[in-house]
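There are 2 protein chains.
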Amino acid sequence: MSELKIPKRLIMTPGPVSVDPRVSQAMSNSILGQFDPDFTSIMDETMTLIRKSFLTKNQWSFPIDGTSRAGLESVISSIVEPGDRVLVPIIGRFGHLFAELVQRVGGIVHTIECPLGEVLPQEEIIKALDMVNPKVLAIVHGETSTGRLQPIDQLGKACKERGIYSVVDAVATYMGTTIPVDEWELDAVIGGAQKCLSVPSGITPITFNDRFSEAINTRKRVEEGIRTDEKTERETFIKSNYFDLTQLQDYWSPKRLNHHTESTVMVYALNTGLKIALDEGVEQRSARHEYHHKGLKKALEALGLKIYGDKDHEMKMVICVEIPDGVEANQFRQELLEQFGIEIAGSFGELKDAIWRIGLMGYGVQKQNILTFISAFSLLLSQQGVKGIDPTKALNTLIKYYEQA
Amino acid sequence: MSELKIPKRLIMTPGPVSVDPRVSQAMSNSILGQFDPDFTSIMDETMTLIRKSFLTKNQWSFPIDGTSRAGLESVISSIVEPGDRVLVPIIGRFGHLFAELVQRVGGIVHTIECPLGEVLPQEEIIKALDMVNPKVLAIVHGETSTGRLQPIDQLGKACKERGIYSVVDAVATYMGTTIPVDEWELDAVIGGAQKCLSVPSGITPITFNDRFSEAINTRKRVEEGIRTDEKTERETFIKSNYFDLTQLQDYWSPKRLNHHTESTVMVYALNTGLKIALDEGVEQRSARHEYHHKGLKKALEALGLKIYGDKDHEMKMVICVEIPDGVEANQFRQELLEQFGIEIAGSFGELKDAIWRIGLMGYGVQKQNILTFISAFSLLLSQQGVKGIDPTKALNTLIKYYEQA
Chain A
177 MSELKIPKRL IMTPGPVSVD PRVSQAMSNS ILGQFDPDFT SIMDETMTLI
227 RKSFLTKNQW SFPIDGTSRA GLESVISSIV EPGDRVLVPI IGRFGHLFAE
277 LVQRVGGIVH TIECPLGEVL PQEEIIKALD MVNPKVLAIV HGETSTGRLQ
327 PIDQLGKACK ERGIYSVVDA VATYMGTTIP VDEWELDAVI GGAQKCLSVP
377 SGITPITFND RFSEAINTRK RVEEGIRTDE KTERETFIKS NYFDLTQLQD
427 YWSPKRLNHH TESTVMVYAL NTGLKIALDE GVEQRSARHE YHHKGLKKAL
477 EALGLKIYGD KDHEMKMVIC VEIPDGVEAN QFRQELLEQF GIEIAGSFGE
527 LKDAIWRIGL MGYGVQKQNI LTFISAFSLL LSQQGVKGID PTKALNTLIK
577 YYEQA
Chain B
177 MSELKIPKRL IMTPGPVSVD PRVSQAMSNS ILGQFDPDFT SIMDETMTLI
227 RKSFLTKNQW SFPIDGTSRA GLESVISSIV EPGDRVLVPI IGRFGHLFAE
277 LVQRVGGIVH TIECPLGEVL PQEEIIKALD MVNPKVLAIV HGETSTGRLQ
327 PIDQLGKACK ERGIYSVVDA VATYMGTTIP VDEWELDAVI GGAQKCLSVP
377 SGITPITFND RFSEAINTRK RVEEGIRTDE KTERETFIKS NYFDLTQLQD
427 YWSPKRLNHH TESTVMVYAL NTGLKIALDE GVEQRSARHE YHHKGLKKAL
477 EALGLKIYGD KDHEMKMVIC VEIPDGVEAN QFRQELLEQF GIEIAGSFGE
527 LKDAIWRIGL MGYGVQKQNI LTFISAFSLL LSQQGVKGID PTKALNTLIK
577 YYEQA
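Keeping their order, the protein sequence lines are chains A and B. Residue numbering for the first sequence follows the numbering used here, starting at 177 and increasing by one per position. Residue numbering for the second sequence follows the numbering used here, starting at 177 and increasing by one per position.
Bear in mind the hints are in silico, worked out from the structure with no lab data behind them. It is possible that part of the hints are untrue.
Unchecked claim - Short derived list, chain B residues pointing at chain A, Cβ under 10 Å: (1) S200; (2) S250; (3) R280; (4) Y418.
Said to hold, decoys possible - Now the in silico label distances, taken between C-beta atoms and shown as ranges: (5) B:K528 - A:N393: 24 to 34 Å; (6) B:E456 - A:K228: 36 to 46 Å; (7) B:E466 - A:P258: 41 to 51 Å; (8) A:P258 - B:E337: 33 to 43 Å; (9) B:G457 - A:E179: 16 to 26 Å.
Backbone N, C-alpha and C define an ideal beta-carbon position, used for all residues, glycine too.
In isolation and in its complexed conformation, chain A is listed as follows (with noise of 0.2 Å):
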């Protein structure tokens, strides 16, 4: 049998990216039945730990076994209905995302959109609510597409006193900067694994109020096949047995209600994940993406790179810079790949040829990393004839940087 070869990668993208090696480790542990009681408590203290990483007091706080893609349709799927009114404000990629997700459920998309590299003024989304009067607002949190991370502490309010859900996609921001769920007042929160928690793609966490779940209720139906009572479900049942998350409620409660096979060893790389970065403490975790992006941004202009997009508004797990002129912009990344195994991204759509993406993600962030990049991204700038480029002004502005900070 050939065995599986991973060469040795330094990951720089916005996910997903190098796990912590204590992650892997409890991956390897032997597989315990859905509910062996000592798997079924391991379930209960990952929920624990979820509503920490969310700063909740939830109960509504578990993992969906699929990708971040698939934690936003759940919540998606298990909130909208056929003609619902949707806002979704859209400053990227991911904005169409949701606004996908909605059209897929028959929910009838607003959007409300800003230049590339913006973000939106909460009280323009909130004239936008007044006006379309939606059922749900589904907001991206961080654009990884093009850096921004939009603000949102007022929205989840401004939504309540609407009677309007909100629902936020922090799949990119979710352990690299702080989202207070409560005290933002939101309503659905959708975090993601494969970046800055730095846990392998494969499982999303989730959370959501009592508000939501009431809400969500209204269209529960219990499987056939294991349904004990008459039929009583509403004709606007949700559209998605794996996705119902009245039903995951029922599997993520005392009631253990037979529905999918959690993935064991996810749930062990979830919950140690969440240890590791709960230890850490999400402000100080929060603080350390930080850190390291003004550090690198100062040395990515030390060398002369633009960097892309309004600089109030930036996310600090992702530095967008502007492709230099004279460099092929795929070969290059290619390259940097292939000499030195180090990983960074291009965008998408109209952005695909003008940045690339350099992500600043959980596990990797650290000094050693950063300073290993910079010489090797610069130097490779300078070999492939690029105008202007001084790697050792770069190395110099980030080792001082690091000495003073």
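Since the structure of chain A is already known, use the hints to place chain B on it.
The following block gives chain B in isolation, referenced to the frame of chain A:
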């Protein structure tokens, strides 16, 4: 940080079951980016392995990032449009799950049922196809809730001749018995990871042919945000984004459409688990399941226990025994788990307190495990006061079987 403490277990249920340590080791490899050429080549290799496992030439053989029912839902929601008739033969709990999945997406379910513990003759199913004239036949191959193996070898051809699409749930039988997808002319088949393949739950291999591909592609819709041409999709587009097999085709092909973020470590696990299984050989693996099934059944019968259900259609990967008088079914299972770390399963609905299900699936199906199991199981029955139990006789029967067979 408190580390996970996973107790020792001998899992004798119909899944999830223990995995080969080589699978666990593969999962501890570091993360690769989803478009890293070293990762996409692992993806391609995994597709080849899936083809071999299903004995098919189907190009479209790839995993779904989710548990088995995610695989089932992806197939059903991609092929079944609102108003489509689907014939679902039901011989137990998982037939009802197919009915459920069809109802969720608005299909019209026609069922044909037989008494629990039996299977449906293929002639009866073919007659029902002619009566109902459905778009799809959705059928369970191995019904673990009753331990029956439903004959299906004639159904693919019968469907094809009638212009019907055959969809098979082979979650429990996959890699425990031979499923020659091309020879049986099946259109779409869903395998399972956490059963006879012995890979952790959370990823699900599926395969479908060009005929099925053409059908689902009439419902294709490239998602908003990365769609480059004009909207051309029909109103009957697939109502899930995550489970849209036409988008997954573009992800699992050189197009490498940006969709979900593939679950790196689950692909490592699947790839390695498939290599191990294919090194053993599909036929040999099937024979191994049959061999140990026969031995354990003899030993259980030597205890005076009654084997449940139609003897001519037994699954070889699960033995259903009637629960003997004088034992409290759930408490006994709990004792077996607490005292010996051995897990067996109950069943569902009216079989809940009538049978225990003893799984024989994949990696754990080894002589020493079966001998350990029968010893602990029979002694505990005896110790709990069940009459007529003779542990020594059971052990002798099994030892003799292994010596002679």
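Taking the hints in turn, this is what the structure says about them:
1. S200: Holds, because the Cβ-Cβ distance from S200 (chain B) to chain A comes to roughly 4 Å (cut-off 10 Å).
2. S250: holds (9 Å)
3. R280: holds (5 Å)
4. Y418: holds (5 Å)
5. B:K528 - A:N393: 24 to 34 Å: Between K528 (chain B) and N393 (chain A), where Cβ atoms are some 26 Å apart, the hint holds.
6. B:E456 - A:K228: 36 to 46 Å: The hinted range 36 to 46 Å holds for E456 (chain B) and K228 (chain A), with Cβ atoms some 44 Å apart.
7. B:E466 - A:P258: 41 to 51 Å: holds (49 Å)
8. A:P258 - B:E337: 33 to 43 Å: Hint holds: Cβ distance 37 Å, inside 33 to 43 Å.
9. B:G457 - A:E179: 16 to 26 Å: Holds, since G457 (chain B) and E179 (chain A) (Cβ atoms, about 19 Å apart) stay within the stated range.
Hint check: no violations occur; every hint is consistent with the structure.
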